[in-house]
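Chains as they are written, first to last, in this note's numbering: chain A, 1 to 197; chain B, 1001 to 1209.
Be a bit skeptical, because a hint or two may be false.
Computed list of lysine-lysine pairs in DSBU-like fashion (alpha-carbon distance at most 35 Å, straight line) [unchecked claim]: (1) B/Lys1127 with B/Lys1208; (2) B/Lys1156 with B/Lys1181; (3) B/Lys1194 with B/Lys1127; (4) B/Lys1127 with B/Lys1181; (5) B/Lys1194 with A/Lys91; (6) B/Lys1156 with B/Lys1127; (7) B/Lys1194 with A/Lys72; (8) B/Lys1208 with B/Lys1194; (9) A/Lys144 with B/Lys1194; (10) A/Lys91 with A/Lys72; (11) A/Lys144 with B/Lys1208; (12) B/Lys1181 with B/Lys1208.
Rather than coming from a laboratory, the hints here were simulated on the basis of the structure. The model shown is predicted, which means the values in this text are computed figures rather than measured ones.
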Amino acid sequence: MDFIPGGELSRRIRLGDVSAESELIRQFEPGLRVLLRRRTGGDYGLLQDLVQETLLIVIQRLRGDGIDDPQKLAAFAAQTARNLAIASLRKAERQKTDVDSEATDRNADPTQSVDRIASDLEAALAVRALLRELPQARDRLMLKRFYLDDHDKNLICQELDLSEAAFNQALSRARRRFRQILEERGFAKRDLLSLGL
Amino acid sequence: MNQEQIEQYVAGNMGEAEALAFEEYCLANPEFARQVEYEQRLKAGLAQVASGSTAEFVRSEHPLTWSLAAAAGVLIALFAVFSIWNSGLHTPAPTIMAALSVTSPHADTSLRLALVRGSETVPALPKGLVRVEIVGLFDAGNMYSVALDRREQNQKIDTVATLNDQHPSSPMSLEVLIDSKQLRPGPYSLRVRKQASGEEALDFGFMKF
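Could you put the whole structure together from the sequences, leaning on the hints where they help?
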């Protein structure tokens, strides 16, 4: 699909064009997920909340007063997301200092911790499937060294006796397969509670 | 932007100013952003697997074990196909969930479901034919699958009905019809997933009394 510039999206949303709101969500949601994933420490529920909150704030702002420079709509959405993430972090920090930690442990909601684990489980299941499929132990070790041990590519190539081209090819194949596994399986998420309105 | 920058960003090795510019580029380039997100999830998944044990990274191959597992898988799949085919021949299943269209029967009542983090109440499904409005952010240009799951007490999940190729009625809602009387009492959830995407499904839980 074509990319619609921020100025045009802003103008159309101001005029009440619902399809422009859908387009804004389509365009910005993936980028917001990247930005917020980095700032939510693996908490999928919080990530989802903040993505939705950001999009709602941006849409409401465009429906109403608009923004100073509509050409910079992406920058405005990114900054809104960052502000929400900072506010959420501050709130969590305040709660940490205010609560009696022993009492919290005693009254911990077991579903919360299970949901937190489940948020990482999807990617973990896909990684497990990927590792099972990789025929060579060397390829699995390469992933570990690169992603978990943060070793330099050259060092890994030396250690595993790989050329740079072979390293890049194996890494690219693993990435492609990981994406394919996730897309094929469409893992379920179960980390939010719902409410009848 | 290139793969090397994606790796730097995901590894947290990018300077602050460069990271901010990278993020804004992601917002202006959704397909690139998806690529970055898969990289983030791959790293997170590897960390999760490694947090238990690193055995999966260093295991040696056991061709015989894999062959046996594959053979067992084929037998199970054949049995499952036979069972489904056999049950389909004898008892046509009643419609539990249906898409909403102009020809749909008139619903007796309605229920709105939305995700609210931290909520302690679970909505109840009214009696009769219920028009269920799922509230969230939807991409009107995409199709969604909706699965109705029954959650058993032993954490087992049993999918009782599935609808594919559903279009949201607006960017904020997607609607289906559920026949309440076809459901046994207990906890259920509607699992909504954007088709042809790697995005996670969202669960909207409710009770049938």
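Hints, verified against the model:
Distance restraint check for B/Lys1127 and B/Lys1208: the Cα-Cα separation of roughly 9 Å lies within the 35 Å cut-off, and the hinted pair is therefore satisfied. At most 35 Å may separate the alpha-carbon atoms for a hinted pair to count; B/Lys1156 and B/Lys1181 meet this at roughly 22 Å. Distance restraint check for B/Lys1194 and B/Lys1127: the Cα-Cα separation of roughly 29 Å lies within the 35 Å cut-off, and the hinted pair is therefore satisfied. Proximity of B/Lys1127 to B/Lys1181 is assessed by CA-CA distance (about 7 Å); at most 35 Å being required, the pair is judged to hold.
The suggested pairing of B/Lys1194 with A/Lys91 holds, with an alpha-carbon distance near 31 Å, which does not exceed 35 Å. Straight-line distance between C-alpha atoms of B/Lys1156 and B/Lys1127 comes to about 25 Å, which keeps the hinted pair within the 35 Å bound. Taking the CA atoms of B/Lys1194 and A/Lys72, the gap is about 28 Å. The hint holds against a cut of 35 Å. For a cut-off of 35 Å, the pair hint linking B/Lys1208 to B/Lys1194 stands: about 26 Å separates their Cα positions.
Simply put, A/Lys144 and B/Lys1194 have alpha-carbon atoms about 31 Å apart, close enough for the 35 Å limit, and the pair holds. Between the alpha carbons of A/Lys91 and A/Lys72 the distance comes to roughly 29 Å, so the proposed pair stays at or under 35 Å and holds. A distance of roughly 46 Å separates the Cα atoms of A/Lys144 and B/Lys1208; the hinted pair therefore is violated under the 35 Å criterion. With a C-alpha separation of about 9 Å, the suggested pair B/Lys1181 and B/Lys1208 falls inside the 35 Å cut-off, and the hint holds.
This entry does not satisfy hint 11, going by the numbered hints stated previously; all others are met.
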